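Could you put together the complete structure from these sequences and hints?
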Amino acid sequence: GDSVTQMEGPVTLSEEAFLTINCTYTATGYPSLFWYVQYPGEGLQLLLKATKADDKGSNKGFEATYRKETTSFHLEKGSVQVSDSAVYFCALSPGSNYKLTFGKGTLLTVNP
Amino acid sequence: NAGVTQTPKFQVLKTGQSMTLQCAQDMNHEYMSWYRQDPGMGLRLIHYSVGAGITDQGEVPNGYNVSRSTTEDFPLRLLSAAPSQTSVYFCASTSGVGGYTFGSGTRLTVV
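Chain order of the listed sequences is U and L.
Residues in the first sequence are numbered consecutively from 9, following the numbering used here.
Residues in the second sequence are numbered consecutively from -1, following the numbering used here.
Keep in mind the hints are simulated off the structure, nothing from the lab.
On a predicted model such as this, the values are computed, not experimentally measured, just so you know.
The hints are all genuine.
With a straight-line cut-off of 27 Å between C-alpha atoms, the simulated DSSO-like cross-links for lysine-lysine are:
1. U/Lys112 <-> U/Lys76
2. U/Lys85 <-> U/Lys64
3. U/Lys68 <-> U/Lys107
4. U/Lys107 <-> L/Lys7
5. U/Lys112 <-> L/Lys7
6. U/Lys107 <-> U/Lys64
This is the structure:
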């Protein structure tokens, strides 16, 4: 079945550092890929998405590129801020039924 | 737009009690889902619906029932609460192409 593996946290960075959170997936066909962010005490918010190979999703300075050859969708940001502290989830949807399969989440803490 | 509204936000149940978690969306989305979030487990799909009158099981459906009588509402029923159902529950909806919109969650404790 479908699965998503993302790097385990927690990840602790200083403000303005470069962020990478790795995400790889296993799925049949051509799933859509997503990054969701969860701030403390809140629900999940869609951060960015990509629906086909080589698509780049971007939002709020975050980027991720859909790499079918490596089945990856790594999240990057060039300069993190304290306000980026949250849990980040990688997810996929096969498209045919729109069910989401999530990774286990990565806790990011950014220190001033 | 309210988006996805979940009630209640917090609930404490005794083992064996039943309750219904409410979920409503005002975006006319066809697809709705219920997930539970547990530490170290990510989010796991409980039940989902592809339209009014159509529901199906997800990864962890045991102990839960759903129905979808209208496009807007997708309640989740706990039939006989167990401590293993202590979790944070999220309802979500989508039109299919833009990714899901999530509610703010219900934190349930079963004692």
